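Visitor: Protein chains in written order, with this note's numbering: chain B, 1 to 134; chain W, 1 to 134.
None of these hints come from the bench; they were simulated from the model.
Every value quoted in this text rests on a predicted model; they were computed, and no experiment measured them.
For every residue, glycine included, the Cβ atom is placed at its ideal position computed from N, Cα and C.
Do not rely on the hints blindly, as some may be mistaken.
Not everything, but these chain B residues come out facing chain W in the computed CB check (under 7 angstroms) [said to hold, decoys possible]:
hint : residue
1    : Glu7
2    : Pro23
3    : Ile25
4    : Met37
5    : Leu49
6    : Ala50
7    : Glu79
8    : Ala80
9    : Val82
10   : Cys84
11   : Val102
12   : Phe108
13   : Ala114
Within a straight-line C-alpha distance of at most 20 angstroms, the following computed SDA-like cross-link-like pairs (lysine to any residue) qualify [as the list claims (entries may be wrong)]:
hint : chain 1 : residue 1 : chain 2 : residue 2
14   : W       : Lys52     : B       : Ala114
15   : W       : Lys15     : B       : His101
16   : B       : Lys124    : W       : Leu8
17   : W       : Lys19     : W       : Met1
18   : B       : Lys15     : W       : Val102
19   : B       : Lys52     : W       : Ala114
20   : B       : Lys124    : W       : Asp85
21   : B       : Lys52     : W       : Leu118
22   : W       : Lys46     : B       : Leu118
23   : B       : Lys15     : W       : Val115
24   : W       : Lys63     : W       : Ala43
25   : B       : Lys19     : W       : Val66
26   : B       : Lys19     : W       : Asp17
27   : B       : Lys63     : B       : Gln47
28   : W       : Lys76     : B       : Gly116
29   : W       : Lys124    : B       : Gln5
30   : B       : Lys15     : B       : Met64
31   : B       : Lys15     : W       : Leu8
32   : W       : Lys124    : B       : Asp10
33   : B       : Lys46     : B       : Ile14
34   : W       : Lys46     : W       : Val66
35   : W       : Lys46     : W       : Met64
36   : B       : Lys46     : W       : Val115
37   : B       : Lys76     : W       : Asp113
38   : B       : Lys15     : B       : Gln29
39   : W       : Lys46     : W       : Ser58
2 protein chains.
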Amino acid sequence: MSDSQRELTDTLDIKYDDKGLVPAIVQDQSTGRILMMGWMNEAALKQTLATKLATFYSRSRDKMWVKGESSGHVQKVLEARVDCDQDVVLLLCESHGPCCHVGYTSCFYRTTDAVGHLTVTDEKAFDPDAVYKK
Amino acid sequence: MSDSQRELTDTLDIKYDDKGLVPAIVQDQSTGRILMMGWMNEAALKQTLATKLATFYSRSRDKMWVKGESSGHVQKVLEARVDCDQDVVLLLCESHGPCCHVGYTSCFYRTTDAVGHLTVTDEKAFDPDAVYKK
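Could you build the full structure based on these sequences and the hints that come with them?
Guide: Have a look at this one:
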């Protein structure tokens, strides 16, 4: 399918990149917050749509993983969207626990100024060290 | 910088991919809607932070472009965030006109069901053909 066909079709036909992956944005449906962005291969997207649990492909570990599988902090998918040329996925989710492994609700916990100085603008939802020590 | 250093530092140090690019999500600050995702190289990010106008790098045209430069539908950047390992940028913007070239407010105008059937769930903000004919 061409880009313009992808804009008009009623059939999902994701344009995967040269590694067979597509970026997937996770948004909390109740708060509107962007929680994270991960990568999916075709199998991870299929599993996400079938199970309604956000499932990604880890590039570093070279395997699929269900978000929250070990921590319990799953993202339940309420709605899945695609962009015009179908090279980005957006998941509207119900969050169960903080999304970021660093301890924040969202991975986007820092704001940059014009010259690249970062400020933490979110409060930690939990202390990851305390959790890891359990 | 390692991933864990990137999580804690107060210095912007984007982890660009093997093509020198980073994905940038555009969110409307007033409505919370995700409008689009584009790609930035280092120069585009620098220009975005300096001018407060969302500026991307077009992979197909191999050049930088200011969103809305020709249509007037610019995205004024109110806040720029980075994720934990600094490989995704999030722009909180004030929208001037619809974001998607197809005519919708957001590029994410379609929802997929579990088997890949797409439904248009947004109304068009304008008729792009009418605009292009002007």
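Visitor: Of the hints given before, which are not true for this structure?
Guide: Per hint list: 25, 31 and 38 violated.
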